[in-house]
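Visitor: Chain residues, written in single-letter form:
2 protein chains.
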Amino acid sequence: MSGPLQAALAEIADDTNKLLAELLPDPTPLGEERKLVEAMRYAVLGPGKRFRPFLTVAAAAATGGDHTRALHAGAAIECLHAYSLVHDDLPAMDDDDMRRGRPTVHKEYDEATAILAGDALQTEAFCILAMPETHPDANVRLELTRGLAVASGAHGMCGGQALDLAAEGEASDMASDIGWAIRMQRLKTGALISFACEAGAILGQANGQARAALYGYGMDIGLAFQIADDLLDLEGDEEQVGKRLAKDAEAGKATLPGAMGIPEARLYAQTLVRQAVAKLDCFGSSANLLRDAARFSLQRQS
Amino acid sequence: MSGPLQAALAEIADDTNKLLAELLPDPTPLGEERKLVEAMRYAVLGPGKRFRPFLTVAAAAATGGDHTRALHAGAAIECLHAYSLVHDDLPAMDDDDMRRGRPTVHKEYDEATAILAGDALQTEAFCILAMPETHPDANVRLELTRGLAVASGAHGMCGGQALDLAAEGEASDMASDIGWAIRMQRLKTGALISFACEAGAILGQANGQARAALYGYGMDIGLAFQIADDLLDLEGDEEQVGKRLAKDAEAGKATLPGAMGIPEARLYAQTLVRQAVAKLDCFGSSANLLRDAARFSLQRQS
Chain G
1 MSGPLQAALA EIADDTNKLL AELLPDPTPL GEERKLVEAM RYAVLGPGKR
51 FRPFLTVAAA AATGGDHTRA LHAGAAIECL HAYSLVHDDL PAMDDDDMRR
101 GRPTVHKEYD EATAILAGDA LQTEAFCILA MPETHPDANV RLELTRGLAV
151 ASGAHGMCGG QALDLAAEGE ASDMASDIGW AIRMQRLKTG ALISFACEAG
201 AILGQANGQA RAALYGYGMD IGLAFQIADD LLDLEGDEEQ VGKRLAKDAE
251 AGKATLPGAM GIPEARLYAQ TLVRQAVAKL DCFGSSANLL RDAARFSLQR
301 QS
Chain Z
1001 MSGPLQAALA EIADDTNKLL AELLPDPTPL GEERKLVEAM RYAVLGPGKR
1051 FRPFLTVAAA AATGGDHTRA LHAGAAIECL HAYSLVHDDL PAMDDDDMRR
1101 GRPTVHKEYD EATAILAGDA LQTEAFCILA MPETHPDANV RLELTRGLAV
1151 ASGAHGMCGG QALDLAAEGE ASDMASDIGW AIRMQRLKTG ALISFACEAG
1201 AILGQANGQA RAALYGYGMD IGLAFQIADD LLDLEGDEEQ VGKRLAKDAE
1251 AGKATLPGAM GIPEARLYAQ TLVRQAVAKL DCFGSSANLL RDAARFSLQR
1301 QS
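Chains as they are written, first to last, in this note's numbering: chain G, 1 to 302; chain Z, 1001 to 1302.
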């Protein structure tokens, strides 16, 4: 990883963690709903790269958006992402016991608390976006709200999760279809990553061309990132990654390495990264962090 | 039920159903995520009183808010309410097989689809509120967005559900504490009902006094409505109500009839209704529907 990228990732992760610790409800003065709030904080404030907030901040930097506001919007997107992980780990979904080296929320607390904590974290995401700290212009905040809703609803993340489950049920037919697997990943993880990039451009009140470029960049690196994740699942070191591996393959899940083969998927990810970097040509050096991040997505170890 | 109330409830329910049928995603052009969208529609478009949209429309009428915009905001609140029912019925939560005379979503589809459909319905609620059709003024839409988030998150509905679950775990101590049961109900169902009333006032851009009056009215009738619901659970006719009864008592759930006794709870609900109606004194005849609705909350049969 390049020095500037490493420093920026660390700094934005640190700032995001501090902001989230302030923004999330405080359990101390509460009654028995304390457990819910503790589970929400457990889900969000645990270890994590804060890659989506990083993308929002870096895309804002490329389009003249304010750094502090971008951190605020990034914190909202991180809450949305955290909720999706909590629900995705539930027994009725992926049934995962470990996440980022710690017990998943329904293991650390219980299933009902995990359902409610995920629900309340989604609410929190929209609550944070609607705050004036995100942007003084109400129209900008509303555009972010609409964008987050579209990226995470039935035509975005939730739709992708439904596709993923459908493939698992029907086994090999869909899981081996490359076009199908790409569509599933673009919805399941790509939509929110693209929105994280576009959100920076919305905050920078960038023109349509710049917004589309950042959205497209997000789609490309989102898919490259997912391929890297799937390759880790197949080839990674369990201790370093912090969760049980080779699980997707066992469950017959649709992945691109599974559908097209490991070497082909690696090559495809490289093509996506080059394509993503090319989309940033209109930005000059203000987008250097985004360029570095695209290249880094291929070298993930955890 | 009074004639004008019955007519208004039926008309608003009908308009809300038509609007929701248009606003919710269309399953026909979709791939395997069709099932998710069908489950969302099943959850929302089934039988239901549309009591929350009614309150929003009636509160808008009392404060000079636009009828069509209030229907739009009401549709968003109904999506939020529907998501909470889908998740509340899950095996890890209340574990209900029937809802409004039909199989619950996880019974009609499956558990994973029910989790995702609830998630996507919450997203849809915020998406609908952010649409210009809700109100042309972006600040009004943002106020509604913040309001819905606060009413439904950890300090509102989700917090109330967590309290409800906590009582079930620890049995009699909390369930028999009247103050505790009131707080739980105010969060679990009161917060969203109050917000449905306040939303009408926000759309009518009413002054602080009118907003507070409608919010307080919502709190009072929300609790009266819940007591009526709990009395139905204890004394109602299973076929007419459309779900299994006496379930809360068996589960050791905290209810006000359980905590204070049935005759006392009935008296308390009557006091709440009188108090709610008194809060409407500042509105004159424009609030007659709200007055009728308050009185009706005591006479529910289903």
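A hint or two may mislead.
Residues from chain Z that face chain G, not an exhaustive set, calculated with beta carbons under 10 Å [to be verified]: (1) 1040; (2) 1108; (3) 1113; (4) 1130; (5) 1133; (6) 1140; (7) 1261.
Rather than coming from a laboratory, the hints here were simulated on the basis of the structure.
Backbone N, C-alpha and C define an ideal beta-carbon position, used for all residues, glycine too.
Visitor: Each of the hints needs a verdict: does it hold here or not?
Guide: Hint check:
1. 1040: holds, 6 Å
2. 1108: violated, 15 Å
3. 1113: holds, 7 Å
4. 1130: holds, 4 Å
5. 1133: violated, 12 Å
6. 1140: holds, 9 Å
7. 1261: Violated. Min distance 23 Å.
Hint compliance for this structure: hints 2, 5, 7 are not met, and every other hint is.
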